[in-house]
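There are 2 protein chains.
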Amino acid sequence: DVLMKKNHQIRLISVESLKPSDTFARRHNSATPEEQTKMSESVGFDSIESLIDATVPKSIRIESMKFSKFDQGLTESQMIDHMKMLADKNKVFKSFIGMGYYNTSVPAVILRNIMENPGWYTQYTPYQAEISQGRLESLLNYQTVITDLTGLPMSNASLLDEGTAAAEAMAMCNNIQKGKKKTFIIASNCHPQTIDICKTRADGFDLKVVTSDLKDIDYSSGDVCGVLVQYPGTEGEVLDYGEFVKKAHASGVKVVMATDLLALTMLKPPGEFGADIVVGSAQRFGVPMGYGGPHAAFLATSQDYKRMMPGRIIGVSVDSSGKPALRMAMQTREQHIRRDKATSNICTAQALLANMAAMYAVYHGPEGLKVIAQRVHGLAGTFAHGLKKLGTVDVQGGAFFDTVKIKCADAHAIADAATKSGMNLRIVDSNNITVAFDETTTLEDVGELFKVFSGGKPVPFTAASLAPEVQNAIPAGLVRESPYLTHPIFNSYHTEHELLRYLHRLQAKDLSLCHSMIPLGSCTMKLNATVEMMPVTWPEFANLHPFAPTEQAAGYQEMFDDLGDLLCTITGFDSFSLQPNAGAAGEYAGLMVIRAYHMARGDHHRNVCIIPVSAHGTNPASAAMCGMKIVTIGTDAKGNINIPELKKAAEANKDNLSALMVTYPSTHGVYEEGIDEICKIIHDNGGQVYMDGANMNAQVGLTSPGYIGADVCHLNLHKTFCIPHGGGGPGMGPIGVKKHLAPYLPSHPVVSTGGLPAPEKAEPMGTIAAAPWGSALILPISYTYIAMMGSKGLTDASKIAILSANYMAKRLENHYPVLFRGVNGTVAHEFIIDLRGFKNTAGIEPEDVAKRLIDYGFHGPTMSWPVPGTLMIEPTESESKAELDRFCDALISIREEIAQIESGKVDANNNVLKGAPHPPSVLMADSWTKPYSRDTAAFPASWLRSSKFWPTTGRVDNVYGDRNLVCTLQPEAVEEAAAATA
Amino acid sequence: DVLMKKNHQIRLISVESLKPSDTFARRHNSATPEEQTKMSESVGFDSIESLIDATVPKSIRIESMKFSKFDQGLTESQMIDHMKMLADKNKVFKSFIGMGYYNTSVPAVILRNIMENPGWYTQYTPYQAEISQGRLESLLNYQTVITDLTGLPMSNASLLDEGTAAAEAMAMCNNIQKGKKKTFIIASNCHPQTIDICKTRADGFDLKVVTSDLKDIDYSSGDVCGVLVQYPGTEGEVLDYGEFVKKAHASGVKVVMATDLLALTMLKPPGEFGADIVVGSAQRFGVPMGYGGPHAAFLATSQDYKRMMPGRIIGVSVDSSGKPALRMAMQTREQHIRRDKATSNICTAQALLANMAAMYAVYHGPEGLKVIAQRVHGLAGTFAHGLKKLGTVDVQGGAFFDTVKIKCADAHAIADAATKSGMNLRIVDSNNITVAFDETTTLEDVGELFKVFSGGKPVPFTAASLAPEVQNAIPAGLVRESPYLTHPIFNSYHTEHELLRYLHRLQAKDLSLCHSMIPLGSCTMKLNATVEMMPVTWPEFANLHPFAPTEQAAGYQEMFDDLGDLLCTITGFDSFSLQPNAGAAGEYAGLMVIRAYHMARGDHHRNVCIIPVSAHGTNPASAAMCGMKIVTIGTDAKGNINIPELKKAAEANKDNLSALMVTYPSTHGVYEEGIDEICKIIHDNGGQVYMDGANMNAQVGLTSPGYIGADVCHLNLHKTFCIPHGGGGPGMGPIGVKKHLAPYLPSHPVVSTGGLPAPEKAEPMGTIAAAPWGSALILPISYTYIAMMGSKGLTDASKIAILSANYMAKRLENHYPVLFRGVNGTVAHEFIIDLRGFKNTAGIEPEDVAKRLIDYGFHGPTMSWPVPGTLMIEPTESESKAELDRFCDALISIREEIAQIESGKVDANNNVLKGAPHPPSVLMADSWTKPYSRDTAAFPASWLRSSKFWPTTGRVDNVYGDRNLVCTLQPEAVEEAAAATA
Ligand SMILES: Cc1ncc(COP(=O)(O)O)c(C=O)c1O
Ligand SMILES: Cc1ncc(COP(=O)(O)O)c(C=O)c1O
Ligand SMILES: O=C([O-])O
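Heads up: the protein sequence lines correspond to chains A and B, in order.
Using my numbering, you'd call the opening residue of the first sequence number 1 and step up by one each time.
Using my numbering, you'd call the opening residue of the second sequence number 1 and step up by one each time.
Any copy will do: because identical chains look the same in the list, a pair fits if it lies in one copy or spans two.
Think about it this way: if two alpha-carbon atoms lie no more than 20 Å apart in a straight line, the pair counts; the simulated SDA-like pairs of lysine to any residue are:
1) 370 with 15
2) 420 with 448
3) 306 with 966
4) 84 with 539
Derived by calculation from the structure, the hints in this document are not laboratory data.
One chain only, chain A, in its complex shape:
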């Protein structure tokens, strides 16, 4: 560009220089062209192009990528304009649909300070407890909300949605019964999507699901492991389950209850009926409907079954000074440990949304929540009362909380009339309608509904005028008597200033991408750009009910279609499903598609899944959930799949081979040269190739799963495509498939859906998530990322990610062995450094290095996975050379600290690594007994002097916490006693 030249005499204007200047790719991709060259040279290549050529195998390299839309990339302001245009196509009607999704008033202070705050949304899952005490406290609050309201003592820290939570509960029942009772009964008063998800999921566990009217439930077969009921029911009824639970228990049947948190502030909690497992969604606690998600689901259970619970659980433990400190508990339950023995594959969950829901409870407190619930109940009662007076329809009797069921001559006519007034009702069938009320409903809304139901006749009363005649409709026996949310945290922060400060106090304890790079191998913690995040909280995206008529969501639908197309171009696939809510959910969905494909071809017996040892734990767990038999194969010394072994396994299982699960580039950070051969072996033996797309960031624009030979692949939109990690979710795991698999992509019982683009025929394999398009609200993030980057920006991102990894590997290789490289000595977008030797030479474990990195202001890389005793580093394209250097400097400095131990200069048991991290409370204690200085502990690098992120606890003791399991807030007295004895 001539104008950039230093020479001021050149005075002609170029068209190029007049194009909008707020381009995005240069803000996302960090290395400038000059830096790219410099970094490439340092790795031994004359340019980034030659580095990439040497790294990505020729056989799989694509020429280029071209989008039919957005190929050049939009600028930031063009993007915002485009999203406004889509937003305008969404029509926000008032929803009275219910079915697990309710309007809610998101407290503005929570919206701005959590949902719109990178300090909260860019955090990683709290694996490094010492720099995560803020969100750990918030998630403990969440667990306490769940246990208090459900009346059961144990809760996890969120699941993906209510439907999959129910399926998890079903799997628990199976597990509790040791797999010996193979029927699971679902009462027909559950939400249809819950029923379908369980039905889909049951197959893999070899369970038979029976749907039955409550009154017809029959345990006489003796084969029933559990029963699922809903409370209040999907059509609103509030039943006393006391006898029901007794009867089930008498038959040895476990009872799962799906429930509603707001209702539980007024209703007797499930735990008091004796329910074994309780599930539900925390959406209406201040999380927008978002056309389906993301929202936090919950699962609570009794002490008996706590070690069978799926998902992450936060627990109290102590730190190195004996002070109370939080961390994730009982990790041995999780898929990364149990692999194919796991009964759940859940990994990424809904941490950010759980935090929002917890803060909603903190802000309102027990009294405030009850006021809201009573108001909702009162509006429902007023509505029912008015309808009875009108007499045009038949209000169904019985107790209800927020949902009124109405029998009428023509349900569609009434719903249409409501639509004309901007209101959506639920049509149960042609003669039945339900109307669900929520926090945002007003008396005026009730008045509008009267008009709809009056069939044109004047309404002789107002909602307000009726109110004094209305009675509370909850039977005495079902009224909640037990207290809840009694902890001071739920009774202190009820003004905006108090909540604001509580939020900021917690935030200040947590390291996020606002502080420094988080180079977690396999996690792709890249920039979550502001423009990507902005549309997420626009009302036109946030306030749509997932079951609203699709014509009201034209903006969303257009985005889904375009996103489907773009993802197909990127992956080389023919169709996408946007339903799965996380990577692991995508794996499960993809394998189920493969299963359905085999079934459709009569290959019912194909159930062997080959998985390399190096696979992520979710892979075997997902395969197991599909009822597959897992055959594990090894890797060779270079970290590549052992092809002869694979071949043997494939041929040995030729007749029953279902699939191979393979991650590419491998979890070892290498582009296996044999990948096309691997795919061919599987195909030759009748199998399908499932590719784990976690490492897609190393493929975009350079190669693609479809080109390589995969048949199906999930994408972690929360890795490659910029959805922020949220401290452990939300995520999105859409799956792409080749044409032959497209018919089997999941659908949905309420809003039918399928592949995007749609295949010619559809034979959906079932339902994977509660909402038709999963967590639709966060899809704008990935969509805007792709649209702003354009095909070149995205390709550059992959290249720079690879360059960055190689640059770091080069800087570190003289200090730490770098495990695994490709044929030309380069690594992919991530690499592994080997710490195993230090165990012998210095008594140092990877954890010591990770904790010492905290003192340097960094979050440690992925630890001991996929290879025990190592660290896996993934820098991403969004980190500047300066930041990469800073991280390398820290690791090199730590290597020198280790060398001091090796040389005997410092004590192997008492040194800066073993003592790490060093919180201020320790560093400025009056007594200092360490053999190293405070200064060495606190300021081991120069950059720390001008700005340092402080850990708030010393190293947290995992074992203590698991032995003394405490997973909720304790009464203050107990907390104080614990702190005092500490």
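Put chain B with the ligands on the given structure of chain A with help from the hints.
Positioned in the frame of chain A, the structure of chain B with the ligands alone reads:
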């Protein structure tokens, strides 16, 4: 409310309980009814009502307050809906108007992380340097942007707007010439609002302003102190001022240049012409137009005049460890010290917007800014070239940067055609139009403009097709050759991750309302609620040009009208002007209204202003700027105005009395019982009563300035009405007046305006601010606050603010003498504790207490004002009892620390107070030589153990910095040398 009762058997629903539950007042006003009673009792009253009755004099107490609109208060979601409705009434046309306001692309990362982030917008002015290093660094960056681009070595840290900056420069010229040359010439190529503001302002300095064509400027009178020219000119021309400056200087005339920062990236800077003072607006550096503001203006000058500069200036100094640290420099220049000797009254400025502009420069860097400038220039050139080809109009010759002047047959017809295409042009006169281009203009926009100018004929080319023919229009001699923004800060943070982290690194150093209460007497640091802040960044409010046709701003106009009405109801006045941009600007405007009133009545001689000693420094400074003669009167032992003295002064000046300036409740925190008598004395002697509304938070709903007897009053919307302090601005200082003064309220030369509601006749006294309605963009904050609180919520706020102050005074009175109380022993909404005794007993100064408070996590109260040696504490209604208690606990604990010195137990020169604050670098240094423990230094209160805000430097040395004045970023080598010798 029956539903709140614990008794679950009551089952009737009340209408009240069905009203929306997201009410606002309880989120803003902290104390619950139970707490109110408890706190009242602790002060010796049985209820808050009786406390208020005893505190607010009966004679001035109003019965109640009632709004014609919003009386009940809207809920948070109703408020958002209402603001959306108003937003929809604003039409965002593309602006090509220029005149100092340009469209700009606010980088999203800056929007979200500064403008929408309470961590930045709730900060106070950086008086406590040790907990303000983040924004101090950012403001130093701002000063460096200004000095680098203007080519002058000294800049302040922002002024209110470009017009007032020019007026400040005029005053400086007068001052430089020691008031001996009484003519100031303004070239007619300045913006009309700049000219009018200077004209209005000149009177007070007894200056004659002559507006003159550049070519006709004549210094021969020998009476010219300075001349103001604009570069580029208001109609776009870019002139070489080399000879002009030489000629002026040869005549002993100082040259002020108004300029444009973006243009200066391409143009020879004013400093290189020899300009003495340079002013302008930093708006187009990423700050939205906002229908007029807020934006940061700048003023730069040479070393010679630095001590005459108005406003706050950030400078480098050292801390107690000798390390470089920043703080406000040369405070002795400011009005709070110089009072009626001050030549400027500026206090609150535009810190937040200066930070945004500085970060825009940091994000783009010198190259990026130049690319933007060249693009804008290229688009302007393409436009001019196309018009010449079209030949329908006459493009004026000469060099331009971004604005093209066009001669045409019918300017209005063309402008109307543009309006039809959604574009606003500037009509200079009936035959002249200008079109100003900016960062957001596109080639397509230029094409649309061609259509407008083609008069319906087809345009035979596109903008893109013309570009290659276009030449850079800047003459060689005016091309900028000198480098700028060479410091690494402007060359490192060009990706979103890097900037995000830089922003958060700075934010982490600064204490804000996100951390703890900031109980600054006279500053009313109350909650800045999220819902209030949200509309501020909606495009329909943010992207309007202040001179856009008012019918495009119908939403704004409706809000102005309603806000005028509401403020009239609240204050008891008849009309309001929304023009003044801060409290001090309001004072000046109000006094000028009084002056105009006297003039209109032929009382030209009335120029005496009586001001109590206890008045804020802005009061005498403002009066002096109006050319008033100030008569100071004292207070009695109880802190009340000495009425006999006042009477004497009034009577002595009977014939020349213009006004009294009085703060109510007094700056001593007392409701003077004699206030009605005071007003009567003034009126009886022909004067008008100006009330300083800084303490309005103690009046709302209980009394009012109008009811008390004031004739005019300013409101600090950034105190009483929730505009956040922004680290030292923005603010808003609208003035309310009684009917007889309403005609004189300011108007505006471009968009005429006046009182709201409009008086029958108008004889405006001039122009006070560059934009017709001041900083319109932040008016939604005050408007939503009032609308959500309703009349009762606002009245409760005043009551609870008073209760909180009394509660604290009670808790503290046994530990510190509380100065000044009302007749019943109560205080108003703030109170003063006396530390003067400690000087003798322990060698302790107020500063020691304020700095020690930092160790406790608190920002110190207002120090040594209005009474030297004291602290003035204002808690506000938004602080919870728990927070008030925490603050009292800290002060009581510090009192105990002082007692230790008094008793001789600890050293008077070396103790926790003198050593405070204690940053981590000191606390964890290896050597510790203090006589107290690290633990005592760092954790003097229990709450600090779970969460502590760390100061980042030791106590900053003010004297050193003023002696070694450095007010810009220094070359890195210099910085490093300074750090090394530290
Ligand atoms: C290789 C790989 N596969 C699958 C997953 C699971 O993805 P998710 O956490 O989204 O369920 C991960 C997550 O880290 C992964 O690294
Ligand atoms: C009593 C009083 N008057 C006037 C002012 C000046 O207001 P501003 O800073 O908005 O110009 C202040 C500011 O603190 C004040 O306290
Ligand atoms: O900045 C103030 O002095 O209010």
